[in-house]
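With the sequences and hints as input, model every part of the structure.
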Amino acid sequence: MTFLLTRRNVAQLIASLAVTPITQAHAGRIIELHGGGFQPVSIAISPFVGDDAAQTVTSIINNNFKRSVFLKPVDISALGPNAAPPDQRPDLAAFKTIDAQYVLTGRAQRIGEGRLKTEFRLFDVTTGEQISGQQYATDSANIRRVAHMLSDAVFTRITGEKGFFDTRIVFVDESGAKDNRKKRLAIMDQDGANVHYLTHGEELVVTPRFSPSSQEITYMAFSAEDDPKVLLMNIENSQRDIVGNFPGMTFSPRFSPDGQKIIMSLSQGSSTNLYAMDIRSRATTRLTETTAIDTSPSYSPDGSQIAFESDRGGSQQIYIMSASGGGAKRISFGGGRYSTPVWSPKGDYIAFTKQSGGNFSIGVMKTDGTGERILTEGFHNEGPTWSPNGLFIMFFREAGGGGGPKIYMVDVFGRSEIIVPTPGYASDPAWGPLQG
Amino acid sequence: MRFSRSKPGVIVSLAAHIGLFIAAMTLFATTDKFEDAAEMIPIDVVSDSELNSVVKGERTAKEVKPGPRVDKLADKQDTPPEPPLNQAEKDKPAPPQQAQKLPEPSSSSEAQKLSSPPTPEKQQEAKTAEPKPAPATKDKTATEDEKPEIEEAEVIKPKPPKRPKFEAETKDITPPTPKPPPRLKADELAKLLENKKKLEEADKAEKEPKPKSGEENTLASKFSASSIMNLLTREAAQRRAATGQELKTASLGAPEGAADKLSATMESRIAAYIHDHYHPCWASALSLGGATFAPVVEFHLSREGALEGRPQLMNPSNNPVEQARGEQALQAVRRCSPMKIPDDFMPFYDQTLRDITIRFQDSH
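Just so you know, the sequences run in chain order L and W. Here the first sequence stands for residues 1 to 436, where the numbers follow our numbering. Here the second sequence stands for residues 1 to 364, where the numbers follow our numbering.
Honestly, the hints are just simulated from the structure, not real lab data. Certain hints may be false.
To be verified - Covered stretches of chain W (chain L as the covering partner; in silico rule of three or more C-beta atoms under 8 angstroms from a C-beta of chain L):
id, region
1, 269-281
2, 321-333
Stated by the list, open to error - Some chain W residues flagged as far from chain L (calculated, every beta-carbon gap over 10 angstroms):
id, residue
3, Val12
4, Ile18
5, Gly19
6, Thr26
7, Gly309
8, Met346
Said to hold, decoys possible - Per label pair, the in silico range of CB-to-CB distance:
id, chain 1, residue 1, chain 2, residue 2, range
9, W, Arg303, L, Thr97, 24 to 30 angstroms
10, W, Glu267, L, Gly358, 53 to 59 angstroms
11, L, Asn359, W, Asp343, 55 to 61 angstroms
12, W, Arg303, L, Thr127, 21 to 27 angstroms
13, L, Asp278, W, Thr292, 34 to 40 angstroms
Even for Gly, the Cβ is constructed at its ideal location relative to N, Cα and C.
Shown next, in the form of structure tokens:
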């Protein structure tokens, strides 16, 4: 018997040596325990002490964690009001009785001259140790942001994932009768608070997109007088610019991951192709050259690839190509039509809208097209957008029956779906980056 | 065609051509061949005597000492290199990012250190880099309310939300996260084994009859890498004690020697019991993004089923998501302890229940 020392053999040998410390140490004695399904981490939020600001902060944190899917606030009313004073170690034995894994205590109070001081401590109930604690001082007007930042710090400490509470959403606010609907760009916190309007409603606006690196958005606007065009707006000062001046209709814009480019569709004649434009130099690069309709482009997080939808094969499907164009490869092969691909900030999934059997679904698939998972399905679901930590997807839904669209949020595993409160009907959400 | 004597040109021309042809054939036949071009190869001719004189040397010449080797030149540098770290130091895990002093909950906040996220300096820098919003205070009115301000829908002029200012007073009161136990490297493992062996030998000296002369060497010769983990686990040593010459050595196992009574069925029953006991406490909520990482936790139970000491994560990670997942696995062990041990399992306590290792995996 001969032994060929091939590269594969060597690789296998090295791999077997690499796992030796664990596998050999416990050979035959490791009990394999698989997760028993989804079970959120339970956290007891002791009411923050202080003045009226403490109540506001506690309420915002509670609301954030309830919506977080992965953390579950537990009811601590049975423990009495003094179960966890802010400057002392809480009675952890008592918190074990209500099945809390973590205890959050804190204080928030105004300290004069319009200042607000907020602090928190996070305890692991099983060890009794304080595992995190921070203190914030800011203007009292920023009380909501402080509560969101505090929520992010706790969420990150427990899950290891980045937070998403201190983020904002740009969306299209819809009001008025259905046949004469007024559409305005609006911005709000991720929990629906702090709504502000960015446009007046004199023109229709769709597909707003947040810049990942600056306080800018890009969107498409059109009116009865003008062709549809892509605009760039600074949300700090409301200054607007037209992105490119093309002889044709431009739409479906989106920023590159570094925020330096905008990729969009340009419709000329019967064909629609993709173009990338450098925001500063306004230099434009044509990326596709077909007689089909290529649209809804979305960069991969590293900026090396672009996912887009195209009907070049006969029906709307999702394709991937190099960021410099060329070599497009179809990745969607399920039944139905696929559109609006959006690459996850983590790079692991592509979210999409799927039209099949008269329904519109929101789903995710791996970047090679495998592992398709439908997260929600119904009469009309569309326009997925990722949270900056890649754990949630926001989209809009029309239930049918003459109503209007509303914004919803679902986690990437489809475990929980919640509505995002908006003043009226709302569509086309775009999730912004963490503000911290 | 006819030849005419009055017109001899054709005949003359024909004769001239024939003559010319014959002459040419004769001349070319005698021409010398071109010589083949010889390739020029420079050579030096060295005679035997010259070759001998090359290696002969001279008696009157000075002795030539060999120059320093290239790799020795480093010794002559002004700043000597630092001594190499031993392996244990090299493998020391990086300290956690927030390795700051843990304040007691009752301690004052003055002792607390600056936070990592969010750093107020960065806030201010970012703010200066960005254009200031014109209506600097307008959005602040909305911050006090929990509900979205529908009234502000009336506002036509866009109100850019103002980024809040956070002062340098933002402090981190985060205690340092406990250092994950470092992975055992080969030399550390050897050191550990050495210490363990010494302890065992001390125990042997006290409790067991001394082995006959020469048996120590026999034992030493039996010591091999494959037996390392057997030494670390009492169960394995117990099983080994039932065979061969090692019966004469000190047993690391239980005095009742129940190893041979543990059937595969019983072992499976006990494993299933442990699995079912800890299963409810294993939350898979943190599997997102870290689903490929399966923390392995080793812990010890008393005969009453109580947790002895701290459960230990055997494969700690530097990845934040995996760290959190590891913590959840440790929590699962703590939350589900104690574990009531059924009476029929007690005879096998030493083999199966004293030391337990669980690999916490994602749900299927």
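Hint numbers contradicted by this structure: Of the numbered hints, all hold.
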